[in-house]
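Novice: Sequence:
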Amino acid sequence: MSKIIINGRFLSQRLTGVHRYAYEMTCALMRAGADILVVAPQNICESYKLVFPVKKIGLSSSHFWEQVVLPLYVKTQYKNSLLISFTGLGPIYYNNSFVTIHDMSFMANPKWFTFSYYYFYKLLTPIMASHARKIITVSEFSKNEIIKYLNICNDKIIVIYNAVSEEMIGTKVENNELYILAVSSLDPRKNLNRLVSAYSNLKNKDYKLYIVGTKHPSFRDGGSPKSVNENIKFCGYVGGKDLSNLYANAQFSIYPSLYEGFGLPNLEAMINGCPVLTSNIKPHLEVCQDAALYFNPLSVEDITKTIDLAIENKDILSEIKTNSTVVLNRFSWDKSANKLIRFIEGESKIL
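Residues are numbered in my numbering as their position in the sequence shown, beginning at 1, plus a constant of 3.
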């Protein structure tokens with residue numbers, strides 16, 4: 004297999020969400036023996052451990068870098084080699100590319116996003132998708148959404164699941180603090196306002212609620228929950244082992260999102276032995292199967308009822324925790340990378 008160029012713009016941004024997918028998939032491709040080169044901007048975040056070859060080019064990390072500097076460099080230096088972009092966008096006019104679309108939330112629910120973000124992605128995503136050789140996405144649900152909104156044929160899309168690595172496992176400590184953990188960006192689709200309302204109605208007042216995450220400028224106001232309840236702690240951004248330790252010591256996690264492509268926090272909780280409560284949307288059902296307690300995310304009453312059940316019935320939490328072992332075995336970065344490599348090799352034979 005010839006050299007694969009990875010769009011390394013993600014390295015200039017914080018290791019969260021789609022950037023973690025890009026980083027872990029790149030690491031896994033390297034472990035699998037793929038001949039890769041990550042072409043990145045100059046300003047790489049210190050939080051990344053670079054275990055793959057990186058070539059820094061250009062003077063910025065902007066959309067201009069991704070749309071002009073990167074494809075021009077690859078065309079001139081690597082004779083139009085395969086270019087893979089693992090975040091939500093890639094060069095729109097570079098045809099020998101695999102691009103990743105994690106979800107279609109900006110088209111499914113435009114009201115969640117700022118006008119500039121919505122129109123930018125509404126314009127560029129269809130162009131990118133039509134010019135790319137293949138589209139990678141992270142669930143069957145997202146695949147169907149891409150087909151629905153972009154009118155892309157089924158054969159052009161490959162599902163490469165998210166995963167979670169053992170490096171995400173935290174340390175369990177003995178303490179008397181009882182808390183529920185919600186890890187999520189503070190944007191409208193994450194549904195945290197309903198979670199805060201549901202929490203205020205709990206029968207048992209001994210449990211604190213820790214909310215981990217920050218607001219992204221791409222989203223409109225309305226996602227950041229507000230509460231004067233002293234038992235709700237807004238932790239802001241937490242990464243690395245600090246986040247893993249929060250998972251490992253929580254009584255359970257809760258993820259009330261209204262729309263997702265995959266829902267990685269659910270797997271992050273599972274690998275830390277933290278039982279999962281999550282919304283009954285299609286991608287969560289696809290990923291978590293019988294390793295979660297589900298609720299209607301549009302119903303504050305149902306969210307409250309499910310949390311009360313989790314607090315009162317330890318047997319149910321034990322059962323879904325046991326089931327999570329089977330779920331976790333379905334997902335690994337190495338499996339995902341090997342699937343992608345097999346797909347690329349198959350494509351090369353056709354071409």
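Calculated from the structure, these hints are not laboratory results. Take the hints with a grain of salt, since some may be wrong.
[What the hints assert, rightly or not] Calculated lysine-lysine pairs in the DSS-like style (CA-CA distance at most 30 Å, straight line):
| id | residue 1 | residue 2 |
| --- | --- | --- |
| 1 | K151 | K244 |
| 2 | K151 | K338 |
| 3 | K137 | K58 |
| 4 | K342 | K137 |
| 5 | K159 | K285 |
| 6 | K58 | K6 |
| 7 | K175 | K236 |
| 8 | K236 | K218 |
| 9 | K208 | K125 |
| 10 | K285 | K114 |
| 11 | K114 | K125 |
| 12 | K308 | K236 |
| 13 | K159 | K78 |
| 14 | K114 | K58 |
[As the list claims (entries may be wrong)] Ranges of calculated distance between the beta carbons of each label pair, as one might list FRET restraints:
| id | residue 1 | residue 2 | range |
| --- | --- | --- | --- |
| 15 | K317 | V71 | 55 to 65 Å |
| 16 | V329 | K78 | 44 to 54 Å |
| 17 | I60 | N98 | 44 to 54 Å |
| 18 | I60 | T325 | 44 to 54 Å |
| 19 | N178 | K82 | 33 to 43 Å |
| 20 | V162 | K125 | 22 to 32 Å |
| 21 | S84 | D209 | 28 to 38 Å |
Predicted model, so just to flag it, every value in this text is computed and none were measured. Think of the CB as a built atom: it goes at the ideal place given N, C-alpha and C, for glycine as much as any other residue.
Novice: None of the hints should be skipped; say for each whether it holds.
Specialist: Here's how the hints hold up against the structure:
1. K151 / K244: 39 Å, violated
2. K151 / K338: 27 Å, holds
3. K137 / K58: 24 Å, holds
4. K342 / K137: 14 Å, holds
5. K159 / K285: Holds, at about 22 Å.
6. K58 / K6: 14 Å, holds
7. K175 / K236: 20 Å, holds
8. K236 / K218: Answer holds: K236 to K218 is near 15 Å, not above 30 Å.
9. K208 / K125: Violated - the C-alpha atoms of K125 and K208 are around 44 Å apart, more than 30 Å.
10. K285 / K114: Holds - the C-alpha atoms of K114 and K285 are around 21 Å apart, at most 30 Å.
11. K114 / K125: Holds. K114 to K125 sits at ~13 Å (cutoff 30 Å).
12. K308 / K236: 21 Å, holds
13. K159 / K78: The hint holds at about 23 Å.
14. K114 / K58: 38 Å, violated
15. K317 / V71: 55 to 65 Å: 57 Å, holds
16. V329 / K78: 44 to 54 Å: 46 Å, holds
17. I60 / N98: 44 to 54 Å: 20 Å, violated
18. I60 / T325: 44 to 54 Å: 49 Å, holds
19. N178 / K82: 33 to 43 Å: 58 Å, violated
20. V162 / K125: 22 to 32 Å: 23 Å, holds
21. S84 / D209: 28 to 38 Å: 58 Å, violated
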